[in-house]
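Sequences listed follow chains A and B, in order.
For the first sequence, my numbering assigns the number 2 to the initial residue and increments by one for each residue that follows.
For the second sequence, my numbering assigns the number 11 to the initial residue and increments by one for each residue that follows.
The reader is advised that the hints may include incorrect statements.
Claimed, not checked - Across the chosen pairs, the derived CB separations fall in these ranges:
no. : chain 1 : residue 1 : chain 2 : residue 2 : range
1   : A       : R88       : B       : H220      : 19 to 27 Å
2   : B       : E255      : A       : R71       : 33 to 41 Å
3   : A       : D89       : B       : L167      : 48 to 56 Å
4   : B       : H220      : A       : D89       : 20 to 28 Å
5   : A       : H81       : B       : T262      : 25 to 33 Å
6   : A       : R85       : B       : A263      : 36 to 44 Å
7   : A       : A74       : B       : I87       : 38 to 46 Å
8   : B       : L167      : A       : G34       : 31 to 39 Å
9   : A       : R15       : B       : L115      : 29 to 37 Å
10  : A       : R28       : B       : A171      : 46 to 54 Å
In case anyone wonders, no lab produced these hints; they're calculated from the structure.
Built from N, CA and C at the ideal position, the CB exists for glycine as well.
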Amino acid sequence: MSSIVPMVPLKTLRPGDRVMGEIRGPRGRLLCGAGVTLTPAILDALREHGVRLVHVAPRAHANDDLAPARIQAIEAELAHRFARVPRDSPLEALRLACLSVLLGTAQDGEEP
Amino acid sequence: MTVLDTRTAIELVEAMPALCTTAQRVATLLHGAGASAGAIAEVLEHDAPLSRRLLQLVNTRRGRSQPVTDALHAIQILGFEATGSLVRTASVTGLFKDFMTPRLLPLWRRGYVTAHGARELAQSTGIGEPEDAFATGLLLNLGQMLLWRSDEAAYELVRKAASLPGGDIVAAERARFGIAHVDLGYMLARRWHMPDVTVHALWHHHDPSHAGEWASHAALQYVADTMTTGLGLGLEPTQQVWPAELPKDLWTALRFDTTVLRRAAMEQLACVASFDGWYRTLADEGFSQL
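Chain B extracted, bound-state conformation (with noise of 0.2 Å):
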């Protein structure tokens, strides 16, 4: 059985990059007094991968509009709060590079079709800022993915339990490995200084109950994820929904109608289209400076 014991598990999270200087800079010009949107572009500029990330997750965003080409554009149409959340997202999937292996390809699909899917939820029923919802979403399987490059053949194992009845990912996850995906997306979202919002949604995920003031962020993103698979749109077609415990206040709270549901299943089947463009520049491009 290969168990990582808190400390190894701690060595593989902090083994992981820090944010890259540019999107550290952009958050103090985000936070500080007098923030301007061409003093951030002015920043984003210096970073030529970081900005076409960026103006690519704009670009998904905005469907068949005319494309957005330049990062002061991007900040005017998004905002301060939106450009910030996806500023950290393009530097965190920048991270990540060298997970960008074939084996771990259906991973990506799926946090990618499970970021639109939330993005769509929020945006339907005010959860939160949407472009945090999407980072969430992208953010999800990132632990999954730092498992499986621990040891990929235990990883199978764990997968085949929990595709097993009764089986639980997290709980296999636990057995085998000492921790799982969403302690590590937890411990990762904290190095990354994520919003508390992406910290307890990510770590919640699979029990939005107990999540506490988080929960409905965290049961949003258990949804989106929940849909993705539904879909067939899974790590494979055939994957089963792992049903969480909802109550039924929580899901009330939710506000999630059958227009709602209908329109983020939409979307996912639609960003599907846009998944190989989006997987291929950030595969094809340089780390931007750490």
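So here's chain A without its partners, still in its complex pose (with noise of 0.2 Å):
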């Protein structure tokens, strides 16, 4: 489950969390580049460009603190919503996505 990377809300990141991918703004304007450490000045940035998801090195966000039987309340859900589709289609990614994504929210402690 840990190698699960998830983007997060801007507004849960903190400073000292390290950022996974390059992060631009509405304009393609480079805001920050990958590998850097957040601190409160690039933070400030972020928001004033209006960046809200941020795709961020895993060990500050792995979904290690989650409670197993949430994880496999979680996986339990999302198998029974694509229960229809076969494991070796495509939309086996979307899957992985949203259990990615809904991982990385459960560990924000927010509901969909």
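Now that you have both chains on their own, put them together as the hints suggest.
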């Protein structure tokens, strides 16, 4: 489970979190490079530019803190919703994306 | 069995109002030579409800940035193409005010979430104009609303039939109503002079591989719609994903890698917070002049 790297809302990030990929503004301007450790000033600048989602290092948002029962419940809900989709279908990528995001959200204590 | 013959279906669609004159005038200005932001803003400012809807769509898109409060500023930020698309969206949603009932609220929410995912997918991959993708996502369910309104009890049976193993919503709608929501969506989009990309994506979002040159746009809508369901934001949290046929070459052409899909899903979850405000504004306002 910890291999799933979530995109997380900017509002949940803290100074010290490490950015995994380049962050660009709405017009494509580079705002923050990959590997940069976030500071309060960078977080303010990203907020100013309307950035909402950031790809961060897995260690900062691993799912290890989630109770196993909660992880199982999320997986079971997704298994039900995707029950008609064969595992070899390209749609399996959608299931994994949903799983990643739902685990990330649960980690942040939010319900969809 | 409630069966709508073609004539009834056409009557149902023609009973819907035409796009408001403001939206038509903006479209004319945008397509004319020497279009100016000032002239377009002036037209918009004479239609307060439409301007309000436009500004709300713009501000929802901008997240926590400083809100835009006038049409001219909105046009300067968006550019002409995106402005045209958002004005059409704002106008069409105004036409459905009578459909803003508690029973249909889940369909509105589903469309809103799908629209945000579709726009993010278009932005990430360059498949079409993001605001067209947003408009199409928002309109995916309008055909369902028409069917539901024409016979609510019959539509509930359709939904039950579609949820059975092997069930298919489009087939179930055609079996009971003689026409499916995708067909009604196509007819409405044609009536409202929506761009071809929207017309065909609406028509084929359940079978994107049959959309010909519009296949990638229809598939983009299918993926956004499927992720809405996958995230538990469908008509109910237990609703299941319908597996459309997505040939490998079409999937490859979409370039939906893990990062792109996660970003769209994240956007979909995030937009739920702004849905209530958007819906309330739409439900509370008066019609723009038709």
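Consistency of the hints with the structure:
| no. | hint | result |
| --- | --- | --- |
| 1 | A/R88 / B/H220: 19 to 27 Å | holds (25 Å) |
| 2 | B/E255 / A/R71: 33 to 41 Å | holds (35 Å) |
| 3 | A/D89 / B/L167: 48 to 56 Å | violated (33 Å) |
| 4 | B/H220 / A/D89: 20 to 28 Å | holds (22 Å) |
| 5 | A/H81 / B/T262: 25 to 33 Å | holds (29 Å) |
| 6 | A/R85 / B/A263: 36 to 44 Å | violated (24 Å) |
| 7 | A/A74 / B/I87: 38 to 46 Å | holds (42 Å) |
| 8 | B/L167 / A/G34: 31 to 39 Å | violated (56 Å) |
| 9 | A/R15 / B/L115: 29 to 37 Å | holds (36 Å) |
| 10 | A/R28 / B/A171: 46 to 54 Å | holds (48 Å) |
Checked against the numbered hints above, the structure violates hints 3, 6, 8; every other hint is satisfied.
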